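Next come the chains, spelled out residue by residue.
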Amino acid sequence: MAEKISYQYTTDLPNVIIEYPENINEEDEDDNDDDDEINQPLYPSVQQQPSILYNYNNGHQHFSLPVSSTSRPAEFDLLLGEDEDDGEHTSALLLNLAPPTPVTIQRVASEDEYNFYSKRKRAKFVGPYLFGEVLGQGSYAKVKECLDRRNLCRRAVKIMQRHRLRKTPHGEKMAATEIRILKKLNHPNIVKLYDFIRNDEKQKLYLFIDLCVVSLQEMLDSDERKKLKLHAFPTWQSHGYFIQLIAGLEYLHSKFIIHNDIKPGNLLITIDHQLKITDFGTAEQLDMFSLDDTLKRSQGTPAFQCPEIANGEDTYSGFSIDIWSCGVTLFNLVTGSLPFEADNIYLLFQTIGKGVYIIPDDIEPHLQSLLHGLLHIDKNLRFTIEQTKQHDWFRRRPPRTFDFLPFPSSALNRFQTFPMYDYLAELHQPSSENGEDQQQLQPPENLNFPDGTISTTHLSGNNQQEQLPFEEQRHHRRSFRSALITCSCSRTISSDNIHQTKNRNRQDHRICSLS
Amino acid sequence: MPFSSLLASRSKTDHAKQLKEYFTVIENEQDKEKKNYEDAIKNIHKTLIALKDGLFGPRDGSSEPAISDVSQLCSGIYSQELMMTMINNLSRVTFEDRKEIVAIFNNLLRRQVGAKYPAVDHIMQRSGILFKLIEGYDNADIALNCGMMLRECIRVQELADIILKSQDFYKFFDYVQKSTFDIASDAFATFKDLLTKHKSLCADFLERNYDLFFNKYRDLLNSENYVTRRQSLKILSTIILENANLSILKRFSCDIDKFTLIYGLFPSEAFSLNTKSGIITNPMTTSAFDIYKREVFDLFKLLGELLLDRYNFSVMTKYITNTDNLKQQMNLLKEKSKNIQFEAFHVFKIFVANPTKPKAISDILLRNREKLIDFLTTFHTDRTDDEQFNDEKAYLIKQISELKDTKA
Amino acid sequence: MANNFNLTYRIIDKLKRSDSNEKADQHSRTYLISNQNEQNEENYILRLINLENLTNLSEFITDISWYKQFNHFNLMSLKDCFLIDTKLNLVKPYASFGSCADLLNSNPFGVCERLIAHIMWQTLQAIRYLQDKHILHRGIASKNIYVCDDGRVLLDDFSHCISMISPFDGKLRKQIFDYTDKLKNQLLYLAPEIIYQNADGYNLKSDVYSLGMVACELANGSNSYRNMTYGNLNILYAKIQGSEPILLDETQLTDEMIELCDSNNSSYIEEIRKRKYTKEFHSFIKSCVSTRLESRCSLDELQSHAFFKFQKRLSRDRNSLHCDMVKLLETYKKKRPINKEINHLEETSSNFPTTDYNEKRNLTWEF
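Chains as they are written, first to last, in the numbering used here: chain A, 1 to 515; chain B, 1 to 408; chain C, 1 to 367.
I should point out that these hints are in silico values taken from the structure, not numbers from a laboratory. Incorrect hints may have been included.
[To be verified] Here are the simulated DSBU-like pairs of lysine-lysine, each with C-alpha atoms no more than 35 Å apart in a straight line:
#1 A:Lys192 with C:Lys286
#2 C:Lys143 with C:Lys286
#3 A:Lys183 with B:Lys171
[To be verified] Derived Cβ-Cβ restraints for the label pairs, each shown as a range:
#4 C:Asn40 with B:Asn209: 49 to 57 Å
#5 A:Asp221 with C:Glu294: 29 to 37 Å
#6 B:Tyr170 with A:Pro360: 47 to 55 Å
Note that this is a predicted model, so its numbers are computed, not measured. Glycine included, every Cβ here is placed at the ideal spot set by N, Cα and C.
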């Protein structure tokens with residue numbers, strides 16, 4: 001699966017999001033089982049084989065935090081090295097159960113409040129994860145929703161493609177930094193890396209992280225804010241987020257980590273309004289033996305950078321950089337605007353360098369004093385985290401008012417319907433045309449393969465991968481019974497179903513829809 | 001609720017007044033036989049539930065209670081000194097009512113009016129409430145209830161400060177040694193909260209009460225109770241390795257007396273210390289050592305974390321230039337327990353990774369070069385799944401094998 | 001007290017949990033013991049847990065601390081709790097029939113409706129008690145509901161408990177969103193809204209669903225969602241599709257089902273054919289396991305459900321209620337101990353496999 005197509009990326013572009021719609025299509029061909037279903041036509045392209053069970057091969061790197069699993073003690077960074085084929089022939093632990101043939105799925109009774117799309121989605125597994133909708137796309141990564149089949153936790157997966165990383169300045173380094181740092185962290189206000197899978201053949205990295213609703217930036221930009229005629233977050237809401245931000249940052253700093261790019265866009269909010277700091281691509285891990293937190297380089301977002309950077313000083317104190325950007329973030333949350341704005345980056349840095357900004361009058365005095373402390377031009381007089389935590393505004397929870405900036409409905413929609421439904425449906429009710437072949441396929445049964453070297457055979461006719469050490473007899477009786485019950489759950493049983501069940505001994509997994 | 005509907009007609013402040021009256025009835029011990037004592041108990045139950053519902057709103061949490069109602073309720077509670085009364089009578093009311101009281105108490109503490117927490121101010125003026133709660137650990141019936149309320153109080157820095165400054169704080173040294181597992185562990189939880197929740201407060205406290213505190217603490221480490229020993233070692237390591245308590249750690253580690261106490265708990269040295277200092281007073285079975293190992297393991301885990309914590313950089317540099325520490329780490333590497341070996345490894349690696357190793361350190365490493373390389377190559381080979389560990393191990397082996405004889 | 005436990009308790013037998021396996025055995029053991037200080041030498045369960053093997057001790061202690069917060073006839077209580085070396089000993093009341101899972105093991109076709117009503121009624125009381133404390137149990141499953149000799153039902157395992165009172169601001173929450181890896185063993189019984197992890201969260205009604213699942217399991221003999229091919233994904237899919245478990249009796253038996261059966265299962269079909277559940281039972285299940293929250297009964301509504309009319313009549317007198325249940329239980333086998341003679345507590349702890357020690361290394365450093 002060599003990369004044949006050449007891309008028209010201009011490598012000297014700054015680190016911004018570039019979208020090339022046409023490239024996405026190319027990529028589809030390139031990957032053969034692409035990750036982009038965004039621009040897919042109604043039905044998947046026909047060039048796909050009806051039954052797509054990729055060869056499982058060794059070398060599939062699989063890492064998971066509790067039961068982690070890598071056989072070779074290689075530094076992770078190796079995999080991002082220039083060495084294009086590290087001698088390993090690997091392929092995805094992928095299973096595509098989706099039949100290419102168009103079949104309308106059976107609709108669920110209307111009383112179920114889920115939206116369904118007529119579009120067929122293809123069910124795809126990477127490791128134990130079933131992949132779903134694309135949530136967002138960045139310069140070198142794409143984020144999708146996914147579902148852990150072991151515990152049914154909904155997660156987000158960040159998919160990084162090596163060829164894309166190459167085209168982003170420092171891309172490979174950033175990816176490596178992000179993974180290295182995330183692996184160490186465990187705090188409620190830091191996005192958690194649950195699992196990490198690397199696919200050498202497809203040159204992809206999968207990072208499984210918390211599923212969040214939206215970033216603070218998106219909330220600020222949302223239509224809801226305009227509709228509610230709010231210019232920013234109400235104070236009590238900002239306060240709630242800000243204390244979480246400081247808690248997370250305190251933890252990061254105690255671990256020698258400087259985030260470097262704190263801004264509303266990098267602060268994600270979960271469904272129960274927990275804040276998670278994300279995007280550690282530009283983060284800096286201080287050397288254990290460095291004497292202080294001095295940095296030589298900082299690549300944050302210009303508007304959130306501090307005067308010492310704007311003035312082009314040689315070295316910066318890392319911790320106060322983060323504090324400054326926290327200040328800008330807080331400013332942004334409570335006023336809706338940025339303290340420093342300009343038409344171009346030179347003017348912007350000029351303004352920041354002077355460190356003069358105006359806090360609107362309607363901001364309460366306590367908050368004003370906190371903002372002044374955080375946005376102090378002299379890094380030595382700027383607040384520390386401890387000082388911030390002791391500040392009056394920080395300690396006194398502002399009374400809750402009735403105004404509230406909700407999640408944008410487009411993002412919230414994901415949490416009102418169940419977007420993974422289509423993929424589940426695809427998995428469970430493949431089209432009848434492909435019936436017999438498809439039925440025999442199973443997702444990778446063995447979930448705790450020690451090192452990814454699962455030698456899964458093609459599960460052809462016999463899919464009796466018996467793992468259960470119970471007496472056969474008993475097991476069959478039980479499973480039969482549950483089959484009955486399962487079928488009875490739905491009150492209708494298609495003859496097709498019964499046929500299957502008989503064939504397969506293990507009970508059939510299908511559940512017909514109601515009605 | 002049927003009860004609340006009965007009482008609905010009464011005004012909200014009445015609840016507090018009523019409750020106060022009932023409590024005065026049961027406070028009168030002589031009345032115990034009489035009927036009105038039982039009536040009072042029943043009425044207390046009803047009123048408490050009405051109070052709780054008033055504070056929390058509907059059961060399903062569908063709406064918050066009206067602010068005016070709540071503030072009426074609260075002012076009634078404060079004006080009747082009901083908080084104190086409730087705590088005083090905690091042992092007299094029924095099991096269920098105790099929990100209602102806990103729920104009411106904790107809810108009051110969280111309540112904020114404007115920029116103020118009235119309950120906090122109320123308690124600050126009546127610090128007796130706090131001491132009464134601490135005393136609660138003496139009574140097994142109410143110990144856990146008091147613990148829950150205390151921990152809620154400790155969340156507030158001002159209240160934690162009052163407790164830390166009082167002599168009553170030292171009562172915890174007895175409570176955590178209680179033979180009942182659950183009370184002791186609850187007391188430990190409170191104790192730990194007191195010492196870790198507010199970092200600067202605690203650092204300040206330890207600084208000023210260094211001798212008293214650590215002398216008392218010695219008893220805990222010498223306790224006959226295994227859980228006490230295990231838990232107290234854990235808390236100790238948390239405290240002294242806390243980044244805010246850097247000076248305490250320094251003092252502690254210079255304090256040879258106390259340091260040997262800790263190191264005395266290391267299995268390898270435990271036997272020799274046994275006779276000398278009488279630290280371990282009981283004849284110990286081999287399984288008793290398991291606890292120590294566990295603790296040493298925890299301590300080392302924390303020591304490792306401490307040294308790698310940026311706030312403690314100076315401690316680390318000091319630590320890793322001392323040959324005694326290196327020797328100790330190297331000895332721990334060959335401990336019997338795998339857990340300790342592993343933790344020792346994480347401290348040991350800093351010695352090796354230090355770019356500016358003092359001569360004494362590199363000499364030792366050099367002298368043991370072959371052995372170390374040999375040792376590390378076979379060290380925890382079963383830990384194949386730990387990528388980072390294997391990387392580090394490989395790095396260490398490389399570093400050691402590249403060591404140059406500096407004498408030359 | 002804790003110090004003379006050796007005199008107080010005598011080990012009678014070793015017990016095996018229905019869901020135990022080799023691995024779990026390494027960390028914990030269960031014994032049947034008798035209390036010699038009590039006049040009738042009442043029997044208890046002794047659960048031995050090796051704290052050495054626990055990585056998260058404080059989490060475990062929190063789980064245990066729930067026991068002390070409850071005092072209800074139908075909630076498992078902790079009689080005693082003491083430590084021998086590194087092993088924590090928990091003494092709990094002995095349920096001679098074991099858990100509902102044990103009951104189903106010996107009665108694979110399910111138990112009778114009257115008994116189910118009894119078990120459900122008592123479990124419901126326990127859940128209502130928890131609801132009063134604003135606590136969501138989340139661990140209601142057949143393996144956690146125990147049946148005693150005297151007809152008492154005990155709900156155990158508080159490790160999934162969560163309070164509706166927010167730890168952040170102390171207010172009562174309308175709904176909660178917590179979903180962690182810990183819940184994975186409980187998936188069969190979890191209400192759909194918990195599994196969805198949606199914007200609506202879940203609330204106290206979710207326990208009702210689990211209760212309904214257990215009732216269904218007791219009647220049918222096995223959980224409706226057990227042994228599905230795609231494992232957990234299938235459970236989710238089925239639940240999203242709006243599938244609701246139902247009771248299998250002659251009214252529900254269809255031709256297809258009969259067609260499905262082979263020699264292994266014919267007896268089960270026969271069993272189904274023979275039985276008929278009352279319409280109250282059917283409606284009880286329906287109102288418990290409804291996927292839609294609005295049509296699911298609240299705990300208070302369940303309390304007055306017609307399914308429990310018999311229990312309600314007897315509920316004034318606990319004895320008659322239990323007598324009735326004991327009569328029903330007579331036909332069922334008690335859980336059988338393994339009959340392994342261990343008489344002293346010390347032995348039990350010394351029998352534990354010792355933790356992993358390396359072979360002694362004969363290595364000396366030169367300093």
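Quick rundown of the hints versus the structure:
A threshold of 35 Å between alpha carbons decides the hint, and for lysine 192 of chain A with lysine 286 of chain C the separation of about 39 Å lies outside it, so the pair is violated. Using a Cα cut-off of 35 Å, the hinted pair lysine 143 of chain C and lysine 286 of chain C holds, with the two alpha carbons roughly 22 Å apart. With a C-alpha separation of about 42 Å, the suggested pairing of lysine 183 of chain A with lysine 171 of chain B is violated against the 35 Å cut-off. Against the hinted window of 49 to 57 Å, the Cβ-Cβ separation of asparagine 40 of chain C and asparagine 209 of chain B comes to about 53 Å, which satisfies the hint.
Between aspartate 221 of chain A and glutamate 294 of chain C, the C-beta spacing of about 35 Å keeps the proposed range 29 to 37 Å intact. Between tyrosine 170 of chain B and proline 360 of chain A the beta carbons are some 51 Å apart, a value that agrees with the proposed interval 47 to 55 Å.
In summary, the numbered hints that this structure violates are 1, 3.
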